[in-house]
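Enquirer: So the chains spell out like this:
Protein chains: 2
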Amino acid sequence: LYQALSRCGANGWCARFVERHRAALNFTALVLGYVLYLIVGAGIFSAIELPYEQELRQELKDARSEFLNASPCVDEARLEKLLARVLEASNYGVTVHWNDSDQNWDFISSLFFTSTVLTTTGYGHTVPLSDEGKAFCIFYSLFGIPVTLLFLSAVVQRIMVFVTRQPITYFHRRWAMSKSVLALIHATCLGILLTLLFLIIPSWIFVTMEKDWNFLESVYFCFISLTTIGLGDYVPGSTHNKQGRPHPHLYRLGITVYLLVGLICVLVMLETCCELPHMRRLRQRFYNEKY
Amino acid sequence: LYQALSRCGANGWCARFVERHRAALNFTALVLGYVLYLIVGAGIFSAIELPYEQELRQELKDARSEFLNASPCVDEARLEKLLARVLEASNYGVTVHWNDSDQNWDFISSLFFTSTVLTTTGYGHTVPLSDEGKAFCIFYSLFGIPVTLLFLSAVVQRIMVFVTRQPITYFHRRWAMSKSVLALIHATCLGILLTLLFLIIPSWIFVTMEKDWNFLESVYFCFISLTTIGLGDYVPGSTHNKQGRPHPHLYRLGITVYLLVGLICVLVMLETCCELPHMRRLRQRFYNEKY
Ligand SMILES: [K+]
Ligand SMILES: [K+]
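Chain order of the listed sequences is A and B. Start counting the first sequence at -18; every next residue gets the next number (this note's numbering). Start counting the second sequence at -18; every next residue gets the next number (this note's numbering).
Just to be clear, a hint being listed does not mean it is correct.
Residues from chain B that keep clear of chain A, each with C-beta distances beyond 12 Å, as calculated [unchecked claim]: (1) V67; (2) T169; (3) G243.
Below, a list of computed lysine-lysine pairs in the PhoX-like style, where the Cα atoms sit at most 20 Å apart [as the list claims (entries may be wrong)]: (4) A/K42 / A/K62; (5) B/K62 / A/K62; (6) A/K62 / B/K160; (7) B/K42 / B/K62; (8) A/K42 / B/K62.
Worth flagging that the hints you see were computed from the coordinates, not collected in a lab. Where is the CB? At the ideal position from N, CA and C, for every residue including glycine.
Build the full structure now, drawing on both the sequences and the hints.
Expert: Written out as structure tokens, the structure reads:
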């Protein structure tokens, strides 16, 4: 036994086992690490948000009982029914008691909807109401999403040539620096530039355009949109403070273009990072090298 | 002039221009076609949904005025205020007047939230309420999404070996068929199998689990989730018909696992399609081949 254990040294079967299955072990570590990351994140979110949720729930209860006290003639069941109606309609993006004039399904808003669905952002601030709409949505994205992927990858491939490969080759020739270091510097500079252009400046614009968004909320919206998470809790042009915005359609069209261009830039940045020699080596570690 | 035009034949400069810039012309056609696809889709959605939206809006107005007629003591401004409160809270996923006992930010629900954010599905049925929560959400996804991409691509690469490359090689040797035809047959079979396993059967299960979903709505939910659009109009376990479901936490955990595994299968299917010789040629057409 002792001999068997002692052989598990630098040249023993144990080391050889590790060596042979390095990719598999790394992969297992990645899976476990990922599950752990999910669990830790869930714990932190729960710890941060649970008190706020309870507070909001209590406030809502208070508002409701206050309303019922102030209006003694109201039948509670009737109020419940109205609230259920209002909430169901709001789930489909329809509210009646604010600015009534603008629609969720006029042409420009539909264009905004289609572009957010095809980029898989899908805010859900407006959703198809009818069965036909739902069926068409499935059919439309079934073809549309692969085409979007093809479109985005072709655009990104073309941009990559001018933004990443040519500059690195140029400076590599000019300064005779190592390509690996140059790629790292280039990725950092590009990251800073794109963050400024597509996160900080648009957030500033949103702070001035949307009256009830602060800077954090604007950054949150841009980030959640450009990563295609699209939670839909903040959607420009759908808050109830619409006065003072002269061209709502132009504004929504502008946002559609911003989201598409921004997504392309995020993908260019992602591709630039993936092409870093460090990243390639990192990825290789988890891959099954036999195939 | 005539001579110049006549030279624009099979061997003229025009044909040579087309030949030389074929990738660029294809790319332009792709961009224009994509924009057209967006516009046509927007038009169809607008045509389908606008009447339903107006109907829902009218129904909501009627419900509101009916309530006001039945309760003469109600101050309209006060009702508006209550409705605004209720809608704002519902935007954060908090409703008070239904089943009060379960929370949006208990541990399992938070786990569901983190997994949907990291896979960029982001239903938005619950969203961070507090500024800390929003900031943590940005920070968490900034690291989490690249890790998720790495995790998914490593898993998909491993699965691809067993599901696609080995079977094709095996049948290629055994039946001596062309690899191109085999790959096409294999992709079709795999597509049918995965559709059955991850779209049709789960939809059936959801029809029995969620009392107010019909089959189209279940398919719609599965499709919108597995493509990571995540509109969030249908989220299992968050409807108001909760009686008769014995283990809500287990149910939500099961859905989390289903969504992760289903996403992996969608990615395997996508990768299988991308590796088809036909698809490779198609992609090559739009790429700038010089680099
Ligand atoms: K999404
Ligand atoms: K979403």
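Enquirer: All hints are to be evaluated individually against the structure, with a verdict given for each.
Expert: Going through the hints against the structure:
1. Its closest Cβ contact with chain A, about 6 Å, brings B/V67 to no more than 12 Å, contrary to its assignment away from the interface.
2. Residue-level check passed: B/T169 sits 15 Å from the nearest beta carbon of chain A, beyond 12 Å.
3. In this structure B/G243 is separated from chain A by more than 12 Å, as the shortest Cβ-Cβ distance comes to about 14 Å.
4. For the proposed pair A/K42 and A/K62, the alpha carbon gap of about 16 Å is at most 20 Å, so the pair holds.
5. Pair hint B/K62 plus A/K62 holds up; C-alpha atoms about 17 Å apart against a cutoff of 20 Å.
6. Of the pairs offered as hints, the one joining A/K62 and B/K160 is violated, with about 62 Å between alpha carbons and a cut-off of 20 Å exceeded.
7. For the suggested pair B/K42 and B/K62, the alpha carbons sit about 16 Å apart, so the restraint of at most 20 Å is met.
8. In summary, the hint linking A/K42 to B/K62 is supported, as the alpha carbons are separated by about 14 Å, within the 20 Å threshold.
Of the numbered hints given earlier, the model fails hints 1, 6; all others are met.
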